[in-house]
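Using the hints, position chain B against chain A.
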Amino acid sequence: MTTGGLFAKCPVRGYRARMDLEIDSLSCRRGGRWVFQDLSFRAEAGEAVLLRGPNGAGKSTLLRVIAGMLPPVVGNVRLGDISLQSDRASLQEQIAYAGHHDAVKPALTVRLKLVLWAGIFGADGATIDPALERFGLARFWDRPVAQCSAGQKRRLGLARLPVIGRPLWLLDEPTVSLDADATALVADLIRDHCAGGGIVMAATHIDLGLVGARVLELSGEAASTFATTTPATGNSTEDAFLDGDWT
Amino acid sequence: MSAVLALLRRDVALALRLGGGGGIGLAFFVLTVVLVPLGVGPETGTLARIAAGVLWIAALLAALLSLDRLFQADYEDGSLDQLMLSPMPLEQVVLAKACAHWVTTGLPLIVVAPVLGLSLSLPVDVLPVLIVSMVAGTPALSLIGTIGAAITVGVRRGGLLLSILVLPLYIPTLIFGARAVENALLDLDPVPALALCGAITLFSAALAPFAAAAALRINAR
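Residue numbers (numbering that gives the first Met the number 0), protein chains in the order written: chain A, 0 to 246; chain B, 0 to 220.
Just chain A, with the same shape it has in the complex (with noise of 0.2 Å):
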């Protein structure tokens, strides 16, 4: 990378102006398989990929190597001008994940919760309480996270990604445990972060109604992985197994 030396350390505040995605041969090796292989793959700002595939064929595992978790044996991960291989910590200041995990504690509160990670992630705290109230947590802000209901839990844990405010955002799973409201919420945050020029990808099993997100298809097969879609409303692809045949 060219801009390395003492600057590449600096964090970097909000957006930067128009940082497009791009997974260059990337190629993922995990207990002795290849989870992936030759992956490439590009998204503009302002784009919302879906990641599709059976169990096991490697979304989770590709949402961890782009957030810099997982090195991949080869290929890269590109944001902007940022690069994976030579500058993993400045890729991570820009990404937010949603694991599979909500990261929130029993221990406490709903609203100390978004607080902390606020604090921790340097960011402005300022949207705690508009994020709380779009998630219908404003409600239960003193109520402590043991009391909650996974689906309370799942909202509170997604909260946090307009809060902390980063360009990417790696989803993995969003919806799993949110009832029709929540999971309609989930989509119009994917929406706003997109008009917002950022980048969103989600591995998903559901139909966001997302109108014009593109698909990112893996096979879990050994050999090359993927194919790219650009479905009108995301329920009329030709593919079988998008139109909802996973058996």
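Hints are supplied without guarantee of correctness; some may be wrong.
Among chain B residues calculated to face chain A with C-beta under 7 Å, some are [claimed, not checked]:
#	residue
1	2
2	13
3	20
4	34
5	76
6	78
7	84
8	86
9	90
10	91
11	155
12	156
13	219
14	220
Worth flagging that the hints you see were computed from the coordinates, not collected in a lab.
Even glycine gets a Cβ: it sits at the ideal position worked out from N, Cα and C.
Same frame as chain A, now just chain B:
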């Protein structure tokens, strides 16, 4: 810096709430030391002679008690993934968590140690040396402990493995911490032992965050 403070605040708050284990180390420390006169007998000369060793060994074990959850809780609920993406380097996260661990386990031990020292017939004029030795030495227990906690973060019931990994690394702190108090008891100069105790703390502060962060990165894969 505010990110470090937020993390520190979070960890201290969690340790002090139900299930956080903040008070467990202290209770264990007090109980262990109180048991010694019952086992050894109430003879004041014998108790004063072994007081330094007893207090330090009890402190070692008390520090171990809450170490296994230091990263494991965050690993299991996904918080560790989030911390890896935070603007702080992971080394700084480790250092902040070691500080929080010391505040919630090491510091309470230092507060009650003089009282327990008295109960073991340690002369009053030796107590300042005991306090200084624990102030100099107990941070090393939390810092070195982060290495073991990071290595065993993905291991179920990793606490036992953690003890076996970490206790040998505690030996220098135990030797110099107990030796300082013993020297004071025997009217010898405690300063060299205290200095070495502090040196171990500084050395582990420089080394442990890097070792623990490397172990965490490997375990997060």
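Here's how the hints hold up against the structure:
1. Checking residue 2 of chain B against chain A: minimum C-beta separation of about 5 Å stays under 7 Å; hint holds.
2. The beta carbon of residue 13 of chain B comes within 6 Å of a beta carbon in chain A, closer than 7 Å, and the hint placing it at the interface holds.
3. Checking residue 20 of chain B against chain A by beta carbon gives a least distance of about 11 Å; that is not within 7 Å, so the hint is violated.
4. Look at residue 34 of chain B: its Cβ only gets to about 31 Å from chain A, farther than 7 Å, so that hint breaks.
5. Interface hint at residue 76 of chain B: satisfied, since its Cβ lies 5 Å from the closest Cβ of chain A, which is below the 7 Å cut-off.
6. Residue-level restraint check for residue 78 of chain B holds (minimum Cβ-Cβ distance to chain A is 4 Å; threshold 7 Å).
7. The beta carbon of residue 84 of chain B comes within 5 Å of a beta carbon in chain A, closer than 7 Å, and the hint placing it at the interface holds.
8. Annotation: residue 86 of chain B was flagged as interfacial toward chain A, and the flag holds, the nearest CB pair being 5 Å apart, inside 7 Å.
9. Because the beta carbon of residue 90 of chain B sits about 11 Å from the nearest beta carbon in chain A, more than 7 Å, this interface hint is broken.
10. Evaluation of the residue 91 of chain B hint against chain A yields a violated restraint, the C-beta minimum of about 11 Å exceeding 7 Å.
11. The beta carbon of residue 155 of chain B is not positioned within 7 Å of any beta carbon in chain A (closest approach about 16 Å), and the interface hint is therefore violated.
12. Using the Cβ-Cβ criterion of 7 Å, the hint placing residue 156 of chain B at the interface with chain A is not satisfied: the shortest such distance is roughly 20 Å.
13. Evaluation of the residue 219 of chain B hint against chain A yields a held restraint, the C-beta minimum of about 5 Å falling below 7 Å.
14. The restraint placing residue 220 of chain B at the interface with chain A holds, with a minimum CB-CB distance near 5 Å, inside the 7 Å limit.
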